[in-house]
Every structure is written in structure tokens, then in C-alpha cells.
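Asks: Since the structure of chain A is already known, use the hints to place chain B on it.
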Amino acid sequence: MSLAGYLSEYSLAEIFHFVQEGNKTGVLSLEPERGLMRSLSDTYYVSFQAGRIMSVTARNGAKHQSLLKIMEQRRWLSAAQTMELETQVGLLRQPLGIDLKARNLVNTEQLTLLFNSQVIATTCKLFEIHHGRFNFDPQAPLIYGEMTGLSLTAQEIALLGLRMLKDWGGLSAKLPAPEFALQRLSSKLPNLRLDSQEFKVWNLALGEISIAKIAAQLGLEIEKVQQISFRLSSIGLVQEVSVEPPQPSIDKKSEALTPVYVGGGNANAPVSASFLTNLRGFLKKKG
Amino acid sequence: MEIMNLVVTGTVGAGKTTFIRSVSEIEVVDTDRRATDDVANLKQNTTVAMDFGTLQFGDEMALHIYGTPGQTRFDFMWEILIERAHAYVLLIAAHRPSEFHHARRIMNFMNRRVQIPMIIGITHSDCEGAWSSEDIALALGYQDSIQQPPIVLVNAEDGESVAISLITLVEHYMQTTAAIAPIVG
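Line by line, the protein sequences give chains A and B. Note that the working numbering has the first sequence beginning at 86, numbered continuously upward. Note that the working numbering has the second sequence beginning at 50, numbered continuously upward.
Here chain B stands alone, though its shape is the one from the complex:
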């Protein structure tokens, strides 16, 4: 069985669990618990360990999708999950600029541990007060578009939209791995 491990990470309330639910072929294994801290202001339940979903697309091929908790106090899970990942998606809610610093910290955490292809998925871009993708990229520290990973607008509740974002990630993975593949001969 060939398996690709994909991690979906991001800030609290960005839609990580929903993203996985929208595309998974199995009932998502989640560890959502009632939020008891500041997170309760954003949503009722929050992921405390991880979410898991899968896509089987052949007898011997499957995509495994792991969702991380958004809160820093569960960052030991980020490390465990990212070290086995082939690629990752960073989800950010565009209408919560107060969370962009945290998103940058998550991204730095991941990129310091692994060098794997990643894309940025912007959710809630149609909400009031949403920042544009360009401004979010600046807030994440990307000062030029050359070094910037692909950025996609995604509706985490819509399976088609999630599938399109995953296609972007797969294509980015193909380009990145082709670029670093050794030349034979």
C-alpha cells in the first residue's frame, strides 16, 4: 500500500476539522472536546489531539489526512504529525487578523522541523473584515511572491473547493520533488 501523509494545520477556527470532513471518505476520527478557555469565544469545540481522514483511490493507494490542534499548548502534536508528513496545508481564516501572528508561528514551527511542500489555504475570505491574500502573505512574512508557497482561497465546507486546494498541493508537490530529483545518467 502506498500512502501519502498530509497534515492540515492552522489557527483555531480556521476550518481544519471541517476541511478534512469535507473530503474524507471515512467518518473523520476526531478528538474534539468542548473548549473551556479563550477558544470558547470562537467556537464550542476544539481539536485537542488530532483529526484523521482518508481518501482511498485504488487498491494500493491512499491519502491520509491529519489535522493538528490549533492551540499552542498542543504543539507536541504538531511535531509528531509533521515529522511523518509528505506535505502540509496551513489554513488561515482571512477575517481574523488577530490570528495571523499565531499562523506565522505555526508555519515557522513546521518549517524549522521539516522541509516539505506546503500551501496556504485562506478560508472565510467572503466574511466582513477579511484581509486579501496579498496582505495575509505580507503578515506571514512573505515579502516577494517568488519564495511564497501557493495560496488558495478555500471553502472548508465545500468538498469541491477542498479537492481543488488539494490538487494545488499535489501539483506543487510534483513540481517541488521534480525540482530536487537527482539527474540520472
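If we strip away everything but chain A, and leave its shape as in the complex, we get:
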């Protein structure tokens, strides 16, 4: 069984949400459709530990930009140090950044800079990919040699990535329709730092007001509220629901029910305990 499919079916934010909520450890590989964007690599590998993003690496054919090489380019490590460390990374049982910090080769600020460029900047770029394959491998060995030791929840990165997304064209089919309403999945205030517009939309996500009406109420464009709704929905804070239809009048209701009234039964009355016991016994003979 695998968590695999196409980015046209599930957005990256949704996949991140599944991995985080499932508290999963493993490596998510993303293969953008060829020819999509020149700046994209062949495959991206996102390492997760208990639902938190630890590292992101890209591979172009045999080429691959390692954390050690980045440090060497920034002149934090000499060429000789890099060569020596490269022979040791395969033996690491903890993130490389923690190991190097313990040896006083890098400091916390440098690791933070590395994490920002390796994980946050790269991941935000990944949100521009809307076509390609994804596969989460829970058996894949964690790539300690590419980890700084810092991490962020997948939800935090997804929120950041979607906020920075400029071209929403590839997600337009996935945006909730303006006539749909939003419903919070928890009444508790989210742990995440929402921006003021996100918070206002979340506040109105009570399953009663359509997205179009929320936009009018907040003085925002409908498209903007659709994008905010998608962000909140992708990270599991709200879900789209149809606005409750007006209840039909009693006459209309009974008229509509007539064709399916096959054998009887009163759905308003619960089934008796003896009925259920008999049914269970009957099914057990069949099962």
C-alpha cells in the first residue's frame, strides 16, 4: 500500500497534510512532468520525521547539490574539510547539521540560513508544480547527510508556500466554488499563525455563509477568498460544504419520497434492539 498518485489529483499542500496528520516518517518523492518549467529538477525528495519536514533535496540526472557543497560554496568549510566529511556522511545516525555544530564547524545562525534556503525556499517553489507524480515511501532511509537538524511542520510550510504562490492557474480547478460554504474542522483556535485575512475567513467558516458572501462581507475579491479557503482547507483547518438547502415543505417532501417507498419502515423511529440482535445473528450465519 502506498501513498502515491498525481499532483493533478492532490495538491502538495494536501499531501503534506496527510503526512503530518499521519505522523509519518519517510521520504516523499516528487517528479514534475517533463518540460513544465525549465528551472525544475527531475526529482525532489522531501524527508519527513514524525510529520515534520527535515530536508529537501533535488536531483538532476546524476547531479545533486549536497548540503556539504553548499557550505563549501559559502566558504564555511574548506575543500579539504568537505572531502573528508563526504566520506563520513554515510555513517551518520543524526542530522549532519547537529554533528557539525557539535564539532564547532558551524553555528546555529548558519544552520538557520541553510534551512531557509534548502527547505523553505525550495519547498515554496514546489508549490508551483501542479502536474507530475508523487510517492511517499515510509521505508526509505532518512538522508541524515542532508539534514540541518532544524525542522518545520508540513502544515507551516504548506501555508507559507501557498501564501507565496503567485500563479494560481494550475490550482483553479481545485479552488472551492463561490456558492460553497466553509466549515471549521475544530472550534479551537488554530496553533498556526494565520494572517489577518485568513483569520477573518476562518472566523466565518461556520458552514452557513457562502464564499461569495464572505468575500462581500470582508470587501475582498471572490477569487482571493477562494484562494484563502483553499489554503485553510489544504492544511486541514476547514472543509468546503454545500450551504444548507432550504427545507422542503411537508407536502413537497412527502411527494418526493413516494417513488422510493418500496417496503415501508419508519426511519424516524429507531430500530428495536431485538431486531438488531436478530439481524446480527442472521448476518453471522452468512458471514
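Source of the hints: derived by calculation from the structure; they are not laboratory data. Just to be clear, a hint being listed does not mean it is correct.
[Said to hold, decoys possible] From the derived model, a few chain A residues whose C-beta atoms are all more than 10 Å from chain B:
1. Phe103
2. Lys154
3. Val174
4. Gly230
5. Arg248
6. Gly372
[What the hints assert, rightly or not] Derived coverage of chain B by chain A (criterion: at least 3 residues anywhere in the stretch with Cβ under 8 Å from a Cβ of chain A; other residues may be distant):
7. 100-110
8. 153-164
9. 169-183
10. 187-194
11. 218-227
Idealized CB from N, CA, C, for every residue including glycine.
Replies: Coordinates of chain B only, in the frame set by chain A:
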């Protein structure tokens, strides 16, 4: 005559008609028609109104099983059927992740209209590309197992497997209705 009305709903091709056929004691009354839209890529025929099957297990006791159409354009039937139901089964084909969003929409549609016991039946779990029950639950929006309804793996073609899933539903119904029953005295 005491009757329990059960609705079997779910995505196109999840096995709703087969599920009812596997357990019904009468020839299932179906409204299958040749698919002429995108559904034709998944299967030849599709349910356009409803399926109906029954299990009679005593002189005065019967289980009536109604199957809904999978396509959204027939959602008026979902409403008609679910409003008379005592419980429902949501069937999802594990190897078609592209359909999970639709399954969630069906579930939300039903749960907004009625609050009745339900279970999730996962079919095709042995097919290539099948997602695990845990991942399907996440895709349906269940973030913790406490609020999650029972999830069963079911082979819709196998009467025994279908009967086992129905036992799960009956037991869930018993627990749920016992939990909300008023205390007398």
C-alpha cells in the same frame, strides 16, 4: 413488519450495486444504464436512480438496502434516499485516489442532512496503487481516530465479506443508539 433502511453510497465504480447483489435475497432492482460520459472510462453501466435489495430474516423483520447513484448529477436521489435511512455505508475504491475528494463530498452531503450511524467500506484494497485505510481516512478529513467511523475492508463480490461489513454497521448502530438513548427512571 419492522424494517431497517440502509443506504449504500459511494463513488462511481466502488462496487455499490455489486455489494447489494452479493447479499440481497431478491433479484436486485437496479436502474443501471450504459454510461455515456466520463464514467464509461471506468465501467460500462452505471446506476442512474437507485438499486434495491432486501434481506428477510423473520416473518416480521427485513433489511432494505438502497444503493445511490455515484454521480453528482443524480444527487437529488441521494437526498431522497438518505432521509429515510437508519444508517449508511460509504464505499470507496482504494485504488482510485482521484475519487477520494468526491467521496468526501458525498459524505459531507449526507452528514449535513442526517445524523445517522455510518461506516466506511474500502473496496479494491488489493489492487495496485491502493491507498491504506489510514491514508484514505486522512483524505476524507478524519484527523483523529476517535471521531472516525468504523472502517472495514470489503470485497463487494463476496457475500461473506459484505455480511461481515454489515455486522460492523449493525454493531455500530447498536452502540450509537445505546449512547444516545434516554435514561429511564
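Asks: Taking the hints in turn, state whether each one holds.
Replies: Against the structure, the hints come out as follows:
no.: 1; hint: Phe103; result: 4 Å, violated
no.: 2; hint: Lys154; result: 35 Å, holds
no.: 3; hint: Val174; result: 32 Å, holds
no.: 4; hint: Gly230; result: 29 Å, holds
no.: 5; hint: Arg248; result: 22 Å, holds
no.: 6; hint: Gly372; result: 4 Å, violated
no.: 7; hint: 100-110; result: holds (count 6)
no.: 8; hint: 153-164; result: holds (count 4)
no.: 9; hint: 169-183; result: holds (count 6)
no.: 10; hint: 187-194; result: holds (count 4)
no.: 11; hint: 218-227; result: holds (count 5)
Violation of the numbered hints given earlier is confined to hints 1, 6; the remaining hints are satisfied by the structure.
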